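These protein sequence lines map, in sequence, to chains A and D.
In terms of this note's numbering, the first sequence has 53 at position 61, counting the first letter as 1, and numbering is strictly consecutive.
In terms of this note's numbering, the second sequence has 32 at position 21, counting the first letter as 1, and numbering is strictly consecutive.
Since the hints were made in silico from the structure, they are not lab data.
A hint or two may mislead.
Restraint ranges, calculated between C-beta atoms of paired labels, are given here [claimed, not checked]:
{"#": "1", "chain 1": "D", "residue 1": "G260", "chain 2": "A", "residue 2": "D44", "range": "31 to 39 Å"}
{"#": "2", "chain 1": "A", "residue 1": "H199", "chain 2": "D", "residue 2": "H204", "range": "41 to 49 Å"}
{"#": "3", "chain 1": "A", "residue 1": "P21", "chain 2": "D", "residue 2": "Y328", "range": "52 to 60 Å"}
Taking lysine to any residue pairs in the SDA-like style, the calculated list, with each CA pair at most 25 Å apart, reads [stated by the list, open to error]:
{"#": "4", "chain 1": "D", "residue 1": "K242", "chain 2": "D", "residue 2": "D201"}
{"#": "5", "chain 1": "A", "residue 1": "K153", "chain 2": "D", "residue 2": "L238"}
{"#": "6", "chain 1": "D", "residue 1": "K190", "chain 2": "D", "residue 2": "G19"}
{"#": "7", "chain 1": "A", "residue 1": "K116", "chain 2": "D", "residue 2": "R316"}
{"#": "8", "chain 1": "A", "residue 1": "K153", "chain 2": "D", "residue 2": "G19"}
{"#": "9", "chain 1": "D", "residue 1": "K242", "chain 2": "A", "residue 2": "G143"}
{"#": "10", "chain 1": "A", "residue 1": "K153", "chain 2": "D", "residue 2": "K190"}
{"#": "11", "chain 1": "A", "residue 1": "K153", "chain 2": "D", "residue 2": "R230"}
{"#": "12", "chain 1": "A", "residue 1": "K153", "chain 2": "D", "residue 2": "E243"}
These numbers were taken from a predicted model, which means no experiment stands behind them.
The C-beta atom is built at its ideal place from N, Cα and C for all residues, glycine as well.
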Amino acid sequence: MITTCLAEAISDVPTISAIGTRAILFEAPGEFSMAQQRRIWALMQACEARADIAELVPGVTNLLLVFHEAPAQPEAIIAWLTELWPDLPELEVEGRLFEIAVRYGGPLGEDLHRVAEHAGLSPKEVIERHQASEFTVCTIGSAPGFAYLHGLDPSIAMPRKTVPSLQMQAGTVIIGGPQAGISAITGPNGWNSIGYADVALFDPARHSPALFQPADRIRFYAEGIEL
Amino acid sequence: MITVLETGPLNTVQDLGRFGLRNMGVGSSGMMDMLALQVANILMDNEDGAAGIEIQTYPCVLRFDVDTRFVVTGADVGLSLDGVMVLPWVVAQVQAGQVLRIERPTVSARACLAVAEGINVPVVLGSRATQLRGGFGGLAGRVLQTGDMLPIAPSDGPAGFGAVPPLRVLAAPGETRPKSVTVRAIPATDHDHFTASSREHFWGRPWRITPQADRIGYRLRGEPLRLIEPKELRSYGIVPGIVQVPPAGEPIVQMADANTAGGYPRMACVIEADLWRLAQAPIGTDIYFQLCSHAQGVAADVEMRRYLNTLRSMVGYYRASAARQSGQRKHSA
């Protein structure tokens, strides 16, 4: 019993590393889970209280801390993070619910058939399973406003393409490995396209430029299907 | 206004960058050679955040449509104003209608043109830097094209003085070798997960900048680096300078237009004080990474700030003296 507790305690030790002089990367241990992600959000909240931090960049079960100036004593910050982590609860954020209309298939969702083939399902079944899940915004990153969505039905997960699409439209509804998303900008993209949604994930003129925030919930529904 | 008469394809309006938006997927952008812009803004008596033009493809030919002053810093470019040679790193006066021609540098890569009061494009999300990926900031979120007009202010302050380039003041790390540059870097997250021989390689051997090198990042060529065992990483936040190693084993250094998130193993991160050296390294340059501690990285920052502070106070003295002399001339006239 004691050894089990000890093993659990050890397995909850994060990896904390320097990224240059002015940034520190905190990575939660273990497999991906939304529970760990919610603890990352809690850590982020704790870090927001520090005046020496210029930017906090949450990733998938990790957090990059960018300081205004190179800290004189990075060891002290590492010690602070190490001490803080074990007691951090999951931060329960009530995300907003977005319902996104999708035109499945067609030229903008040209990989739908490949995803179906890979899953051993019909394209219609893929569409049904994509609509059946409620997704959670895990983090925003990579491109302005791009949201990494957690909650994809594992049966329709599909590895990224080895040869990316060169001009994927912004708004393309995509699957990349176990994650889902909507492409935020037009350009090369290695994720698999299954449809198109007419949404602007980022607009610099908007009061809140990024449409989604971490913890927001997303549901997709079919506005049209072209097989 | 400045009118663009001729330009290569990749020149943009940049300032010191857009910060605080990485959590929305917006990278910092900004001048690749930040030090060049800082020097230029000190010489022009501009605000630190004033925007300039980053020139990385040549020739670039610009016409000034107002009487003003400018300075070109960064690369060792050839400059001529209506066919008459002018020097980089020196503030020059220009009359409306004069044409500035900026020619390809011989050993470095990126020139920075600053004008009095800066290039006055709109501030978008806190900065005038061009965000090419997002298509905003700078001039309409894109690279400059022939015929573009950029708003600038008239100015008649002092000219004919300049700065000693940082390359001559800040001690270069490592040995001086032809067509090579040494930058200091701090080991990053996955450093110890690479094989001992890969680590030795990384710190000891040259890494050549391939033609796949731009504002986003530089792909480097050399003997592939190997992890002790493969690692699947989850998406994490990145900053310019980080050296990542994709599965093929040849590293990529992320630069000013880097994405905000990455997923490759992290070998090291180039210290901020040496990013301008990388920005000035053209394709084909051999990069040597020199292992550096946090304290050494901070010391390099301090040295850079000292250079800028010295320059700022010297420029202050010169401007004050120039103002007094022009007052005396007016008085005696």
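Cross-check of the supplied hints:
The hinted range of 31 to 39 Å is satisfied by G260/D and D44/A, whose Cβ atoms lie roughly 36 Å apart. Take H199/A and H204/D: their Cβ atoms lie about 43 Å apart, and the range 41 to 49 Å holds. The hinted range of 52 to 60 Å is satisfied by P21/A and Y328/D, whose Cβ atoms lie roughly 56 Å apart. Proposed proximity of K242/D and D201/D is supported: the alpha carbons are some 9 Å apart, at most 25 Å.
Proximity of K153/A to L238/D is assessed by CA-CA distance (about 23 Å); at most 25 Å being required, the pair is judged to hold. About 24 Å separates the Cα atoms of K190/D and G19/D, which keeps this hinted pair within 25 Å; it holds. Proximity of K116/A to R316/D is assessed by CA-CA distance (about 62 Å); at most 25 Å being required, the pair is judged violated. Only pairs whose Cα atoms come within 25 Å are accepted, and K153/A paired with G19/D is rejected, the gap being roughly 33 Å.
Straight-line distance between C-alpha atoms of K242/D and G143/A comes to about 23 Å, which keeps the hinted pair within the 25 Å bound. For the proposed pair K153/A and K190/D, the alpha carbon gap of about 38 Å is over 25 Å, so the pair is violated. The straight-line distance between the Cα atoms of K153/A and R230/D is roughly 21 Å, inside the 25 Å bound, and the hint therefore holds. Simply put, K153/A and E243/D have alpha-carbon atoms about 17 Å apart, close enough for the 25 Å limit, and the pair holds.
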